[in-house]
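Respectively, the protein sequence lines represent chains A and B. Per this note's numbering, the first sequence starts with residue 1, numbered consecutively. Per this note's numbering, the second sequence starts with residue 1, numbered consecutively.
Rather than coming from a laboratory, the hints here were simulated on the basis of the structure. Some hints could be false.
Derived pair list, reagent style BS3-like, types lysine-lysine, alpha-carbon separation capped at 27 Å [unchecked claim]:
| hint | chain 1 | residue 1 | chain 2 | residue 2 |
| --- | --- | --- | --- | --- |
| 1 | B | Lys79 | A | Lys78 |
| 2 | B | Lys42 | B | Lys79 |
| 3 | B | Lys79 | A | Lys68 |
| 4 | B | Lys79 | A | Lys24 |
| 5 | A | Lys68 | B | Lys95 |
Chain by chain, the residues:
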Amino acid sequence: DAGVIQSPRHEVTEMGQEVTLRCKPISGHNSLFWYRQTMMRGLELLIYFNNNVPIDDSGMPEDRFSAKMPNASFSTLKIQPSEPRDSAVYFCASSSIYSGEPETQYFGPGTRLLVL
Amino acid sequence: RKEVEQDPGPFNVPEGATVAFNCTYSNSASQSFFWYRQDCRKEPKLLMSVYSSGNEDGRFTAQLNRASQYISLLIRDSKLSDSATYLCIQYSNYKLTFGKGTLLTVNP
Chain A
1 DAGVIQSPRH
11 EVTEMGQEVT
21 LRCKPISGHN
31 SLFWYRQTMM
41 RGLELLIYFN
51 NNVPIDDSGM
61 PEDRFSAKMP
71 NASFSTLKIQ
81 PSEPRDSAVY
91 FCASSSIYSG
101 EPETQYFGPG
111 TRLLVL
Chain B
1 RKEVEQDPGP
11 FNVPEGATVA
21 FNCTYSNSAS
31 QSFFWYRQDC
41 RKEPKLLMSV
51 YSSGNEDGRF
61 TAQLNRASQY
71 ISLLIRDSKL
81 SDSATYLCIQ
91 YSNYKLTFGK
101 GTLLTVNP
């Protein structure tokens, strides 16, 4: 099993630029989560998809952030325009309600974003 | 009050020591709890689930006290490879809420 795949692994961009982060969940998983991790705030849930439908986006910081899941094997998180305070590690995680432990989430390796 | 609170540490212990972390949570309706481990510059990975009163897996023991709303993780005979950040998590209605983590360094 390839696990959750994220790209890019590192991104350095300038303030004002658009940033797109990508995630491929584990095959067969029907839930997908985007998290942001910073030293100050720890891990925060940004948005949760179930069967490709956004269920809870209350953690999305503001309108500059948007997320899509066009199919079961792909999701994007977009920041436009980016700001220095968006610098963080962004994790994607997936889980399956059909598994014995639906609460268990499997994390991708993360994207380290630095906005200058 | 934060939903999940942990002592950030750092905990520095010698190899072979026993170390315990505590975590308190505010949502009494939480259905289950987890400990995840996160190595430096890596993703969090599931260490243990805590569904009822507790769980034991080798050198690791997790306990849950619903009356006092706290969870603990005990590591016995600690190894150098146990050095990591340990994240306490509560699960409720599909959502995982993370503590900020406790940093453990096991020294030779």
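Results of checking the hints against the structure:
no.: 1; hint: B:Lys79 with A:Lys78; in the structure: 41 Å, violated
no.: 2; hint: B:Lys42 with B:Lys79; in the structure: 19 Å, holds
no.: 3; hint: B:Lys79 with A:Lys68; in the structure: 42 Å, violated
no.: 4; hint: B:Lys79 with A:Lys24; in the structure: 34 Å, violated
no.: 5; hint: A:Lys68 with B:Lys95; in the structure: 19 Å, holds
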